[in-house]
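*Asks:* Could you put together the complete structure from these sequences and hints?
As a plain string of letters, each chain reads:
2 protein chains.
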Amino acid sequence: MHNFVFHNPTKVLFGRGTLAALGSETLAWGRKALLVHGQGSLKRNGLHGQIMDNLRESGIEVIEHGGVRSNPLLSHAREGVAKAKAAKVEVIVAAGGGSVIDTAKAVGAGAVVEHDLWKFFTGKRGIKGTLPVLTVPTVAASGSEMNSGMVLTNDQTREKFGFGHRLLHPKVSFLDPTTTFTLPPDHTAFGAIDALNHVLEFYLTTTGANTPVQDRLMEGLIENAMTACTRCLAVPHDYDARSDLMWTAALALSGLTAAGLGRVGFPMHLIEHSLSALFDVPHGAGLAVVMLGWLRVHRKDCAPRIAQLGRRVLALTEPADRKATDQTLARLEQWLRSVGAPTTLDQLGISAADIPALSENTRGLARIWRLREYSPEKVAVILQACL
Amino acid sequence: MHNFVFHNPTKVLFGRGTLAALGSETLAWGRKALLVHGQGSLKRNGLHGQIMDNLRESGIEVIEHGGVRSNPLLSHAREGVAKAKAAKVEVIVAAGGGSVIDTAKAVGAGAVVEHDLWKFFTGKRGIKGTLPVLTVPTVAASGSEMNSGMVLTNDQTREKFGFGHRLLHPKVSFLDPTTTFTLPPDHTAFGAIDALNHVLEFYLTTTGANTPVQDRLMEGLIENAMTACTRCLAVPHDYDARSDLMWTAALALSGLTAAGLGRVGFPMHLIEHSLSALFDVPHGAGLAVVMLGWLRVHRKDCAPRIAQLGRRVLALTEPADRKATDQTLARLEQWLRSVGAPTTLDQLGISAADIPALSENTRGLARIWRLREYSPEKVAVILQACL
Numbered sequence: 001m002h003n004f005v006f007h008n009p010t011k012v013l014f015g016r017g018t019l020a021a022l023g024s025e026t027l028a029w030g031r032k033a034l035l036v037h038g039q040g041s042l043k044r045n046g047l048h049g050q051i052m053d054n055l056r057e058s059g060i061e062v063i064e065h066g067g068v069r070s071n072p073l074l075s076h077a078r079e080g081v082a083k084a085k086a087a088k089v090e091v092i093v094a095a096g097g098g099s100v101i102d103t104a105k106a107v108g109a110g111a112v113v114e115h116d117l118w119k120f121f122t123g124k125r126g127i128k129g130t131l132p133v134l135t136v137p138t139v140a141a142s143g144s145e146m147n148s149g150m151v152l153t154n155d156q157t158r159e160k161f162g163f164g165h166r167l168l169h170p171k172v173s174f175l176d177p178t179t180t181f182t183l184p185p186d187h188t189a190f191g192a193i194d195a196l197n198h199v200l201e202f203y204l205t206t207t208g209a210n211t212p213v214q215d216r217l218m219e220g221l222i223e224n225a226m227t228a229c230t231r232c233l234a235v236p237h238d239y240d241a242r243s244d245l246m247w248t249a250a251l252a253l254s255g256l257t258a259a260g261l262g263r264v265g266f267p268m269h270l271i272e273h274s275l276s277a278l279f280d281v282p283h284g285a286g287l288a289v290v291m292l293g294w295l296r297v298h299r300k301d302c303a304p305r306i307a308q309l310g311r312r313v314l315a316l317t318e319p320a321d322r323k324a325t326d327q328t329l330a331r332l333e334q335w336l337r338s339v340g341a342p343t344t345l346d347q348l349g350i351s352a353a354d355i356p357a358l359s360e361n362t363r364g365l366a367r368i369w370r371l372r373e374y375s376p377e378k379v380a381v382i383l384q385a386c387l
Numbered sequence: 388m389h390n391f392v393f394h395n396p397t398k399v400l401f402g403r404g405t406l407a408a409l410g411s412e413t414l415a416w417g418r419k420a421l422l423v424h425g426q427g428s429l430k431r432n433g434l435h436g437q438i439m440d441n442l443r444e445s446g447i448e449v450i451e452h453g454g455v456r457s458n459p460l461l462s463h464a465r466e467g468v469a470k471a472k473a474a475k476v477e478v479i480v481a482a483g484g485g486s487v488i489d490t491a492k493a494v495g496a497g498a499v500v501e502h503d504l505w506k507f508f509t510g511k512r513g514i515k516g517t518l519p520v521l522t523v524p525t526v527a528a529s530g531s532e533m534n535s536g537m538v539l540t541n542d543q544t545r546e547k548f549g550f551g552h553r554l555l556h557p558k559v560s561f562l563d564p565t566t567t568f569t570l571p572p573d574h575t576a577f578g579a580i581d582a583l584n585h586v587l588e589f590y591l592t593t594t595g596a597n598t599p600v601q602d603r604l605m606e607g608l609i610e611n612a613m614t615a616c617t618r619c620l621a622v623p624h625d626y627d628a629r630s631d632l633m634w635t636a637a638l639a640l641s642g643l644t645a646a647g648l649g650r651v652g653f654p655m656h657l658i659e660h661s662l663s664a665l666f667d668v669p670h671g672a673g674l675a676v677v678m679l680g681w682l683r684v685h686r687k688d689c690a691p692r693i694a695q696l697g698r699r700v701l702a703l704t705e706p707a708d709r710k711a712t713d714q715t716l717a718r719l720e721q722w723l724r725s726v727g728a729p730t731t732l733d734q735l736g737i738s739a740a741d742i743p744a745l746s747e748n749t750r751g752l753a754r755i756w757r758l759r760e761y762s763p764e765k766v767a768v769i770l771q772a773c774l
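Protein sequences appear in the order of chains A and B. The letter at position 335 of the first sequence is residue 335 when you use this note's numbering, and the numbering goes up by one with no holes. The letter at position 364 of the second sequence is residue 751 when you use this note's numbering, and the numbering goes up by one with no holes.
Possibly wrong hints are sitting among the right ones.
[What the hints assert, rightly or not] With a cut-off of at most 27 Å between alpha-carbon atoms, the simulated DSS-like pairs for lysine-lysine come out as follows:
(1) K765(B) to K11(A)
(2) K171(A) to K515(B)
(3) K171(A) to K398(B)
(4) K32(A) to K85(A)
(5) K710(B) to K687(B)
(6) K171(A) to K511(B)
(7) K124(A) to K85(A)
(8) K472(B) to K506(B)
(9) K430(B) to K475(B)
(10) K85(A) to K119(A)
(11) K472(B) to K11(A)
(12) K83(A) to K171(A)
(13) K128(A) to K558(B)
(14) K419(B) to K430(B)
(15) K472(B) to K419(B)
(16) K88(A) to K119(A)
(17) K300(A) to K323(A)
(18) K119(A) to K43(A)
(19) K765(B) to K710(B)
(20) K398(B) to K128(A)
(21) K558(B) to K475(B)
(22) K419(B) to K398(B)
(23) K515(B) to K11(A)
(24) K88(A) to K171(A)
[Unchecked claim] Here chain B is said to cover these stretches of chain A; the calculated rule only asks that three of the stretch's residues, wherever they fall, bring their Cβ under 8 Å from a Cβ of chain B:
(25) 1-9
(26) 16-23
[Unchecked claim] Computed Cβ-Cβ distance ranges for the label pairs, DEER-style:
(27) P9(A) to Y626(B): 24 to 32 Å
(28) P706(B) to P236(A): 29 to 37 Å
(29) E318(A) to R699(B): 44 to 52 Å
(30) Y626(B) to S375(A): 56 to 64 Å
(31) K430(B) to P9(A): 31 to 39 Å
(32) R16(A) to K515(B): 24 to 32 Å
In short, the hints are calculated from the structure, not lab data. All residues carry an ideal CB built from backbone N, CA and C; glycine is no exception.
*Replies:* If you want it as structure tokens, here you go:
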């Protein structure tokens, strides 16, 4: 096991009805709040009114910053920073999917500095403080509600960059599975694929570390991301299934899975970010396609890990690694199809002719994330395997 | 899944060499420290000197409170409170096993109030603050280094009580597996059995909750507590094995396993506490015996869970629950013997004639822990099954 620091101070209130404490928990951090939300679903399902009432009943003044879109934009986060500074907000409440939470984190970090917040993402400036952020996730996917990461897309440069810092942990997160009951099937699946991929990235790319504690944890989360998703699609109001998916997604990128693995990276996310940056595909849809391409390219050098995944999670009994690897890939692809996810670039409206631009677009983030082995040439090989 | 609050703010620095940061991390909490330790092993293995040097080099004044024994005593914790108050210490550093860490927590909570600290344990007073505690565990066992619990024995009343409060989480814990290299085989095994039992208590007593996320997590920890222990006994200086056991023990009672299970309890710990209170047996040794008796008594009503444990963790293929349950019990007993643990009361020097006093001794804690179904009569039945 490699050395590590594990520190996840986010307080999680999990279950139906927990939102009743939103006002009192927010008040512990400030009396003037910026409520960050998305493009209308919060109002349609009644959650917006509930949150506003709850905050106001606790005597909290609320300024709104709605309109966050999926693959959230830097320009919109900048507007949020301007609002937060002008109104001198003391605390931020994010209610929505990962895009909303990431925007709230970016606003929180940007609101306490004079320079532009994009400098955090390009590594030019470090984070030294942030406004406290509380979250109400309405999608089980990014895990941003319980981690220190955030992702934004620079709409001028078409760069989708991700960044992590310990100060970005939300103070409190309210995980109420009923908020995901009305999430459409495709986005339920895309969310589960995001959570699944967060575990797979580390599970497949760790090398040389003897980590049976983490392996069992990761295998459990992989199994649950898949089975809970399937159950949510079958019965969208299944509280237990929505709960399992929500808690799985939160734990999947909470720092627990990476602790002790040594150097881990997000090569599949790297490539997906370019798909989203240039073609605005949903993150989970892009990941479904990239994941399969990555696995095809790495089926030989990652055979022992892929085979272990198949045996431990998918109940394969094949003893030979190479055959078990092939079976695991087939089963994963079959599961992705079963939940309605795309499995080829073509289904995302992307063709072979787009691969050079996509590969080139990964260059900047590969440098910042220190994924040196992921040259545009290597990325192109993986994207070819996604066709 | 039941509603829950999960909040574990302890910062963990894991791995060899991490102790170098003890001084700087302690200094963030205070300049005058009480160093709590045990009965000499810290001095024998050189850790005491290393810690003292490290703290003093950071400009921290150190007052010592050594001599904590296993099954730590209330009277000794009271002495620690008096020392902490007299010297106006600002921070506590605990270096040792779970007994040392629990004593440090008790001193930390007792030092900021005027009343006697036993009132926390009997539920007569609540905790409203505590001195910050940093820990350097040298045994993989109690998980106290990453949780909010503490256990003390009242040497006047012969009551061994446990108590938990969110403010009792250590601020920072330094988990260096090399500190456990010289732990004797019996105490290595007793520690692993404690960690194993922390998971089994919840895994076996949860009822009615559909919790596949937690189940997979618990099964992974059970598997690792057993296999890592066996590896540590075979090669005491195996860094990976010691790491696996140390991280397993920390996670085993970190709040993660209980999150979402609903009401869980520690019935096996309840009974073991009386064994320790009246006969001063090592905690893990007592648990090994009690665990088997508890399982024998509950083999019918807990058959589905015990059988699941056997199939998921011990690779049993038996489809009938009752047979799989019998096989699981046999395998657990076999493993306990293989690591040198006692499996009968007799091996602890306890006879059938002692059962009435032991059963009666559980009454107080059963009331405080609200384990109403564990009457002295029921406890006696379980103890009979431990003979």
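*Asks:* For each hint given before, does the structure comply? Return the numbers of the non-compliant ones in rising order.
*Replies:* 1, 6, 11, 18, 29, 30
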